[in-house]
Amino acid sequence: MASNPLWQLSATELSSLIQSGEVSAVEAVQSSVDRMRAVNPGLNAVVTDLAASALERAKALDASTAPKGPLHGLPITIKINIDQKGEASSNGVVAFKDLIAPDDAPLVKNLLDAGAVVIGRTNVPEFSRRCESDNPLFGPTWNPWGKHVSAGGSSGGAGSAVAAGIGALAHGNDIGGSLRFPAAGNGVVTVKPGVGRVPVYNPSASAERGILAQQMSAQGLLVRSARDLHLSMPSLIAADAHDPFHVPLPWRGPALEGPIKVAFSLEAPDLPLHPEVEKALLDTKAALTEAGYVVEEVAPPSLREIAFEGRTGLMTESYHLMWEEVSKYGSPQIVNVFEQNFRRTPSVDMPELLKILARRTFYARQWSVLMDEYPLFLSPFLPQPFYAPGRDAEGAEGLRETIGQAFWSTVGNYLGLPAGVVPARLTEFPEGPKPIGVQILGRRWREDLVVDAMVAIEDRLGTLSQQLWSRMG
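Numbering that gives the first Met the number 0 applies: residue 0 is where the sequence shown begins, and numbers increase by one.
Don't take every hint at face value.
No farther apart than 20 Å at their CA atoms in a straight line, the calculated lysine-lysine pairs in the PhoX-like style are these [what the hints assert, rightly or not]:
# : residue 1 : residue 2
1 : Lys108    : Lys67
2 : Lys108    : Lys84
3 : Lys327    : Lys96
4 : Lys84     : Lys96
5 : Lys108    : Lys58
Taking CB as the label site, the calculated pair distances span [claimed, not checked]:
#  : residue 1 : residue 2 : range
6  : Gly85     : Ser205    : 16 to 26 Å
7  : Pro243    : Ser346    : 22 to 32 Å
8  : Ala204    : Ser346    : 21 to 31 Å
9  : Phe428    : Ser2      : 32 to 42 Å
10 : Ser205    : Phe428    : 21 to 31 Å
11 : Ser205    : Glu396    : 19 to 29 Å
12 : Pro274    : Glu295    : 18 to 28 Å
Rather than coming from a laboratory, the hints here were simulated on the basis of the structure.
As the structure is a computational prediction, the values presented were derived from the model and not from experiment.
Where a beta carbon is used, it is the ideal one built from N, C-alpha and C, also for glycine.
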């Protein structure tokens, strides 16, 4: 039996104990439920408590004689913008609070089929379109490191929950950084899969999303230890016929010959690179070099153009396909955030949008050629330490210091490449501690290489969980 409370264990550690029979599913789930009850009132990360049904499912798993799935008995959370049968897919919008899912989304089904147990559903911003998790239906989610630093968005509830020890795995999704912002802000780990890797479908949806939303968004998991992604992602990516564009590739790709070359850049296109972010990147570079990777400084192809055109295309699509609904059902705050975004990145006409969409292939080809030589690319995620809560709703400067920093984030979304964020440093600022994460982009379909690199970094730089929990008390 583990000496630490079960909720403190990584998913990999906890799974090993469950698979061996040393720990029951009920014991694992009860420990996470107890932790949720202890710390969630101060965080508001989980907004739908499913403890009762979770414990019933855990009892059934313990009583079953069927072979244990790879995630058997692991407590997890699901973001409230994804369908879970019988639960509301409100997306943080008051008008949608009674939108009850008729069935599970494929990713929920995949996790349940693997034996996972859902203990709660996590918070988002309205319409899941802010890098902050606050809405009039449930209120704000707080970062377990303190109220001086945002929990991020739009998967802020997931990031806060898993960092605090509420569940071993936390589902989230990402269209412009919504997995990676919370990973960076809460000091946890994620990989945003490439386009098509995780089957996507919400049975409650009344219409299909726009083509760029389909191409730029991805479903994934936030975890406390990078190895947990190797444990859990193979289950998440299982095929489902409801997604006709799902890519049925195995999690592990073929081994690469020789030492893996990693491109490296300190480029910060707008705001300057903060010294603490630079230190985190240099520490990460040293860790990868020690692990046997060959890290070389490389200029990123078309970084500014990709960020500008990716945002322009998505905001144009959002204006035409989302704005009417947002302005009708959204709060004054989210309406203001959308209006500020539209002013910052105005919609373009149809001929220009078509040109933008055509040039996307040009940029993707540039990166494909680069990544034929360098399968990984180490860079900042944000050039500055994480921002304060609510900063993205504070006008043009607030947007510039939040989503406006996400040049490197947009590369992963717009080009459909896998992109991971791993904590590399914890810095004490006058206002309080802030984790600093770095990003690793990967060759198309090679999320496993990104995770391997994050494991190597974590083995040398450590994780932040114990430091956080000692501060939380």
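Hints versus structure:
no.	hint	result
1	Lys108 to Lys67	holds (16 Å)
2	Lys108 to Lys84	holds (10 Å)
3	Lys327 to Lys96	holds (15 Å)
4	Lys84 to Lys96	holds (14 Å)
5	Lys108 to Lys58	holds (19 Å)
6	Gly85 to Ser205: 16 to 26 Å	holds (19 Å)
7	Pro243 to Ser346: 22 to 32 Å	holds (29 Å)
8	Ala204 to Ser346: 21 to 31 Å	holds (24 Å)
9	Phe428 to Ser2: 32 to 42 Å	holds (33 Å)
10	Ser205 to Phe428: 21 to 31 Å	violated (45 Å)
11	Ser205 to Glu396: 19 to 29 Å	violated (37 Å)
12	Pro274 to Glu295: 18 to 28 Å	holds (23 Å)
Hint violations for this structure: numbers 10 and 11, all remaining hints satisfied.
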